[in-house]
Amino acid sequence: MKRSLRLARVLLSVQYAYMLEYRAEIALWALSGLLPLIMLALWSGAGAAADLSLGPAELRRYFLAAFVVRQFTVVWVIHIFEEDALQGRLSPYLLQPLHPFWRYLAAHIAEQATRVPFVLAIVLAVWLLGAGASGWPPPSTWLLGLLVTILAFLLRFLLQSVITMACFWSERAAALERLLLIPYLFLSGLVAPLEAFPPALRRLALATPFPSMVDFPARLLSGAEVDLLGGLFTMAAWTALLLPLFLLFWRAGLRRYAAMGA
Amino acid sequence: MGRYLRSLGSFWSSSLAMELEYPLNALIELLSVLGNLAGSVVLLALFYGRGHGLGGWSWDEALVVLGIYTLLDGYTSTLLQPNLGAIVNHVRTGSLDFVLLKPIDSQFWLSARSFSPWGLPGVLAGLALIGLAARRAGASPSLPTLLGTALLLLSSALILYSLWFVLAATSIWFVKVWNATEVLRSTLVAGRFPVSAYPPALRTLFTLVLPVAFLTTVPAEAILGRATPSWVLASLGMALLSLTLSRVLWRHALRYYTSASS
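So the protein sequences, as listed, match chains A and B.
Just so you know, we're using this note's numbering here: the first sequence kicks off at 62 and counts up by one.
Just so you know, we're using this note's numbering here: the second sequence kicks off at 72 and counts up by one.
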């Protein structure tokens, strides 16, 4: 236990220092997540929004929350793992008495910590532009929302890690992420609140893990009515499905790993 | 000139041969184009579903805009991503040295070295959608209109290229703007919709700062026969301006290039 804590602290502080070097880039990355805000502009201008059960203030809160969730659930493990596996950098990691994915997880968390100031600045700017027409949800609501956002990040990290295992079989596995991104983009609630979906499409979306990654935490964060236990249960169920899958693929993949490169 | 064309021929045939090593990627790309297109159409349908519109554009006219977006996205995957995405790596590893030593213009080499056939399904799907939707929208373009649209599309392609190149060239100073280009790609998502659907402030931003309007909306208006000379001139001017800017900036950036230690 003591060892794990120390390991976590060292990994996180090293990765944080590393990420701080790239803060200019991370600021740009934060900008690249503006999609929910662009969609907010579209929805609030479109007549279709009037038919939704969400009022303009709720719509604004929802997309602002979706923006925050998106910022803290960015996952790029497949790209870095592909590079590490192809260039043989994975080999020394494998020799260490630590699963290499802990390192990647620490890198993601450190990167998110570097994002915090940028995200706060953007949220504040949008808040001021929106003239603060809607109140801020109570602290208990958004603290819970942030907690669930972290869970959403872990779920997305896990899902992408499962896909990442294809890197052991193909040199271009990162292309799979492009496929995974499509349902994530359209079904997660990132581009439209799930209320706007026709019932059949909505059922389809809810049968996938994607709404757990944006819609559920964003709703919590924005202070909307949510089925908290149901949402948490869905997340737990997907985790219970994906985690064994990841471990299985990891073992099978390691046996194929040829340690290319230097 | 002849030398450049000959080089281009051998560049593209060699990268084609390399890409064909990964036939499975063709399938992934095809699925990703179809998935993205389907998702975008569904999203658009959410806006039009209950008899509302988007910025005064009819359903078919909005599909023309989406077609142009798909076309440009395909062009991005074919030429911009494989070439300009690699510039950062050249700077980081110092292999830009070898590019600069070649007896050929370095901007040309960096911009045209690779060719990825996997963007072509997007190009074809985009063209098909433009044709189909324009016909359904009641446009019967004459030959001059078609030529004008082609010219405007060319200018969109040049604007997109210049923006991307300028961002990639800044890697000489920042070394790691690894995915700065991804920022561009995700902001351009705004081009899926006619620019008049956005609130006035964003419309100005998308016209003057991030010329999304010139990329998709202006060519779409041209094929629908609604182009005004002032917009056409503005688009051509923008293309010329941004191309010149990319050239000047590259010349300037090279003076700061200090190579990387091995």
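If you're looking for bench data, these hints aren't it; they were derived computationally from the structure.
Hints should not be assumed to be uniformly reliable.
[Stated by the list, open to error] Ranges between beta-carbon positions, derived for each pair:
#: 1; chain 1: A; residue 1: P260; chain 2: B; residue 2: A272; range: 52 to 60 Å
#: 2; chain 1: B; residue 1: T329; chain 2: A; residue 2: A182; range: 27 to 35 Å
#: 3; chain 1: A; residue 1: E286; chain 2: B; residue 2: V280; range: 36 to 44 Å
#: 4; chain 1: A; residue 1: E286; chain 2: B; residue 2: G120; range: 48 to 56 Å
#: 5; chain 1: A; residue 1: L81; chain 2: B; residue 2: R206; range: 25 to 33 Å
#: 6; chain 1: A; residue 1: R84; chain 2: B; residue 2: S301; range: 36 to 44 Å
[What the hints assert, rightly or not] Some but not every residue of chain A turned toward chain B, in silico, with C-beta under 8 Å:
#: 7; residue: L81
#: 8; residue: A85
#: 9; residue: I87
#: 10; residue: S93
#: 11; residue: F229
#: 12; residue: S231
Where is the CB? At the ideal position from N, CA and C, for every residue including glycine.
At a threshold of 8 Å, is the proposed contact between A85 (chain A) and chain B supported by beta-carbon distances? 6 Å, holds
Please check whether T329 (chain B) and A182 (chain A) have a Cβ separation lying inside 27 to 35 Å. 32 Å, holds
Hint check, S231 (chain A) versus chain B [nearest Cβ-Cβ separation less than 8 Å]: 7 Å, holds
Could one say that the CB atoms of E286 (chain A) and G120 (chain B) fall in the range 48 to 56 Å? Taking Cβ atoms as reference, E286 (chain A) and G120 (chain B) lie about 24 Å apart, which means the hint is violated.
Against chain B, run the beta carbon of L81 (chain A) and see if the smallest gap drops under 8 Å. 13 Å, violated
Looking only at beta-carbon atoms, does the pair L81 (chain A), R206 (chain B) fall within the given range of 25 to 33 Å? Given a distance of about 55 Å, which is not inside 25 to 33 Å, the answer is violated.
Per-residue hint verdict: F229 (chain A), partner chain B, C-beta under 8 Å: 15 Å, violated
Range first: 36 to 44 Å. Now tell me if the beta carbons of E286 (chain A) and V280 (chain B) are that far apart. 39 Å, holds
I want to verify a distance hint. Is the separation of the beta carbons of P260 (chain A) and A272 (chain B) within 52 to 60 Å? Since P260 (chain A) and A272 (chain B) have Cβ atoms about 35 Å apart, the given range 52 to 60 Å is violated.
Restraint: S93 (chain A) near chain B, CB-CB cut 8 Å. Satisfied or not? For S93 (chain A), the interface hint holds, since the closest Cβ of chain B sits about 4 Å away, which is under 8 Å.
Confirm or reject the claim that R84 (chain A) and S301 (chain B) have a C-beta distance inside 36 to 44 Å. Cβ of R84 (chain A) to Cβ of S301 (chain B): about 42 Å, so the range 36 to 44 Å holds.
Does the CB of I87 (chain A) sit less than 8 Å away from some CB of chain B? 10 Å, violated
The structure does not agree with the numbered hints 1, 4, 5, 7, 9 and 11 stated previously, though it agrees with the rest.
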